[in-house]
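Visitor: This is what each chain is made of:
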Amino acid sequence: MSLQTSPIEASGLPRAIIGAIVNNALVLALIAVFAVFSFATPTFLTIANLQSILVNNFTLLAIVAIAMTFAVSVGGIDLSVGTAVDFASFAFVSLVLAGQPVFIAALAGLGAGAAVGAFNAILISGIGISPFLGTLGTLFIGRSIQQLLTNGGNPVYLPPTGVPEAFRFLGRGAIAGIPVPLVIAAGIIVAATIILTRARFGRVALAIGIQPSVVRYSGITARAHVAVAFILVGLIAAVAGLILSATVTVYIPSSGNAFLLNAIGATFIGTTLSRLGRPNVAGTVLGVLLLSIVANGLLLTGLNFYWQQVGTGLLIFAVLALSFINRRKATA
Amino acid sequence: MTSINDESLSPPARGDTTKGETIHWLAGFSAALRSGAVFILLAALLLGFTAAEPAFANIGNLMSILQAVAVVAILGAGVTVTLAVGGFDLSIGAVAASSVMAASYAMIVWGLDAFAAVPLVLAFGALVGLVNALLIVRLKVPDLLATLSMMFLLSGLQLIPTAGRSISAGLILPDGTTATGAYDPAFLLIGRASLFGVVPVSVVLMTIVAVVLFVLTERTRIGRLLFATGGNEVATRLAGASTARLKVLAYVISGTLASLGGIVIAARVGRGDVSSGGSLLMDAVAAALIGFAVLGKRRPNVLGAIVGAVFVGVLLNGLTMLNAPYYTQDFVKGAVLVGALALTYGLGRNNSC
Numbered sequence: 015m016s017l018q019t020s021p022i023e024a025s026g027l028p029r030a031i032i033g034a035i036v037n038n039a040l041v042l043a044l045i046a047v048f049a050v051f052s053f054a055t056p057t058f059l060t061i062a063n064l065q066s067i068l069v070n071n072f073t074l075l076a077i078v079a080i081a082m083t084f085a086v087s088v089g090g091i092d093l094s095v096g097t098a099v100d101f102a103s104f105a106f107v108s109l110v111l112a113g114q115p116v117f118i119a120a121l122a123g124l125g126a127g128a129a130v131g132a133f134n135a136i137l138i139s140g141i142g143i144s145p146f147l148g149t150l151g152t153l154f155i156g157r158s159i160q161q162l163l164t165n166g167g168n169p170v171y172l173p174p175t176g177v178p179e180a181f182r183f184l185g186r187g188a189i190a191g192i193p194v195p196l197v198i199a200a201g202i203i204v205a206a207t208i209i210l211t212r213a214r215f216g217r218v219a220l221a222i223g224i225q226p227s228v229v230r231y232s233g234i235t236a237r238a239h240v241a242v243a244f245i246l247v248g249l250i251a252a253v254a255g256l257i258l259s260a261t262v263t264v265y266i267p268s269s270g271n272a273f274l275l276n277a278i279g280a281t282f283i284g285t286t287l288s289r290l291g292r293p294n295v296a297g298t299v300l301g302v303l304l305l306s307i308v309a310n311g312l313l314l315t316g317l318n319f320y321w322q323q324v325g326t327g328l329l330i331f332a333v334l335a336l337s338f339i340n341r342r343k344a345t346a
Numbered sequence: 018m019t020s021i022n023d024e025s026l027s028p029p030a031r032g033d034t035t036k037g038e039t040i041h042w043l044a045g046f047s048a049a050l051r052s053g054a055v056f057i058l059l060a061a062l063l064l065g066f067t068a069a070e071p072a073f074a075n076i077g078n079l080m081s082i083l084q085a086v087a088v089v090a091i092l093g094a095g096v097t098v099t100l101a102v103g104g105f106d107l108s109i110g111a112v113a114a115s116s117v118m119a120a121s122y123a124m125i126v127w128g129l130d131a132f133a134a135v136p137l138v139l140a141f142g143a144l145v146g147l148v149n150a151l152l153i154v155r156l157k158v159p160d161l162l163a164t165l166s167m168m169f170l171l172s173g174l175q176l177i178p179t180a181g182r183s184i185s186a187g188l189i190l191p192d193g194t195t196a197t198g199a200y201d202p203a204f205l206l207i208g209r210a211s212l213f214g215v216v217p218v219s220v221v222l223m224t225i226v227a228v229v230l231f232v233l234t235e236r237t238r239i240g241r242l243l244f245a246t247g248g249n250e251v252a253t254r255l256a257g258a259s260t261a262r263l264k265v266l267a268y269v270i271s272g273t274l275a276s277l278g279g280i281v282i283a284a285r286v287g288r289g290d291v292s293s294g295g296s297l298l299m300d301a302v303a304a305a306l307i308g309f310a311v312l313g314k315r316r317p318n319v320l321g322a323i324v325g326a327v328f329v330g331v332l333l334n335g336l337t338m339l340n341a342p343y344y345t346q347d348f349v350k351g352a353v354l355v356g357a358l359a360l361t362y363g364l365g366r367n368n369s370c
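Residue numbers (this note's numbering), protein chains in the order written: chain G, 15 to 346; chain E, 18 to 370.
Quick caveat, the hints were computed from the structure, so don't treat them as lab data.
Note that the Cβ used here is the ideal one computed from N, Cα and C, for glycine as well.
A hint or two may mislead.
Unchecked claim - Label-pair restraints from in silico Cβ distances:
| hint | chain 1 | residue 1 | chain 2 | residue 2 | range |
| --- | --- | --- | --- | --- | --- |
| 1 | E | Ala68 | G | Thr207 | 56 to 62 Å |
| 2 | G | Ala335 | E | Arg288 | 46 to 52 Å |
| 3 | G | Pro174 | E | Pro136 | 54 to 60 Å |
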């Protein structure tokens, strides 16, 4: 799917402009949405609100969506990212409640998320079930295990007083004025970009996503790479689980599934609108930003919450329409 | 759609035809064993539950199992058709849910009777399917993405006419007036009446859908072309079939069946509940996927989806009778799904490598 080869030198200015537009559809969509909301509501374009978009809407979704990007990179999808978020959150909150040090509890949380990823890896790489189906099974089983652990789905609350300082810091602290969750998200974005674009693992992963048999014939163990990718998905999603529970100081069973569809949406927006049509971290992050801005902006315009869903659907449609123009131009 | 298109993992008897005879025999034998396995398992479950709880086997309970799975089975059959063309319809749950709202709105706010409301809702489902298909065929949007955004769109749109409220008789509309209509008694029969006092109408509907779709997909030229499109779209197109039309057909069938499922729910519940249809998507997809393993076909098939839905229904009903907590249900669904998939892919791998 290499789209535009060279539309620009073909014929004159109009075509060059169209080429520029379709090449940067995602950035332009972001600017357009930003501009619309800035005019539509007085409160949108304020420092406080922009900060709130980044902290409340962007951070967690970005981390989960990057996890999803790894799954999509190897040609799969992970429907159980929410399960990894929840398991991490459950382990973290339970251990902190039991009086364990925050550091140990956090490690256990990451381990729980990685375990979900490892279970997926066994299903996908070990047994050979397709990612979509295997992770669907994990989603069901994970939801039920959480209900079993919590007597049918009772939230686990931390007492409002006596929460360890480190726990509070993870959720609401700030480093040099920047909220800690945002710092962590930024770190993950950078690390994921390096892994996918600069490391051998990333190149192999993307190659598996494009043509698994070629990777196998090249003497590379595709299965092992897929397994590692899915464990990474669980691990990264677990980070979101830790931040989530540190922010709200409660674990609510199956709450992580709320991220699933937005994470898929963001990843696919990023994939479809990137020049090469491949999963990429930058595209995913822009997709998350787009979804976050729309969710926040629609909220500020005073419309009912369900307009947010309609807005998300319409947004994905609009972005896809743009990418369609893009593809037409390429094939014409 | 790379995610589900695992042709490389499960090619049905691919390879050279010279030594095909014996392999066919072996494949046929193991397939027979595998297809039988599901029914043996089902029979064992029925016997086990009956032994543990004699009330399980009475006809009323068996019918209530079928009634409980009817909606999931109908939706699962629809998904199966889109899986056959190599697609995937993620919007069925939302279509069913918004059909519940549409049916309620048509009768309670517009005062239509059953004979106007049902065709209207079915047409709505078909229209959604058509839009999905146009996005996929014309705009070349990936199936998952197109139907996903349709899902978002519908689950928001269905709340707008009533400002997020559930619809029941005497509903107060957003503009302050009170709705005057009510559920048509004839409409409620779809969800509550039984044929000869034994077979619920929803089970009859499920059976009709199963038979019609089975004949369409397994016994007609269109059916073979549907599977051919899923197997190799380019080859099918070059062979002279209009793959675009076949895909449109598949998505329209899936959308229409989803709205039929919504009608059955609305008729059983008797009001337009905003939260209906929550787990329908996952359940229907699970039924369709369990169907891969059933009958040893290792591909989407309508009967498999129905049997898959019934299998899960029997298991859940039996466990409920044995006083298992309700939240073990998802665990059972997940375990059955993974087990069925391991059976399909794990055993299939031996042949392909």
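Visitor: Compare the structure with each hint and give your call.
Guide: Verification of the supplied hints:
Between E/Ala68 and G/Thr207, the C-beta spacing of about 59 Å keeps the proposed range 56 to 62 Å intact. One distance hint, 46 to 52 Å for the beta-carbon pair G/Ala335 and E/Arg288, is violated here, with the actual separation near 37 Å. Taken as a hint, the range 54 to 60 Å holds for the pair G/Pro174 and E/Pro136, whose Cβ atoms sit roughly 56 Å apart.
The structure fails hint 2 only (numbered hints given earlier).
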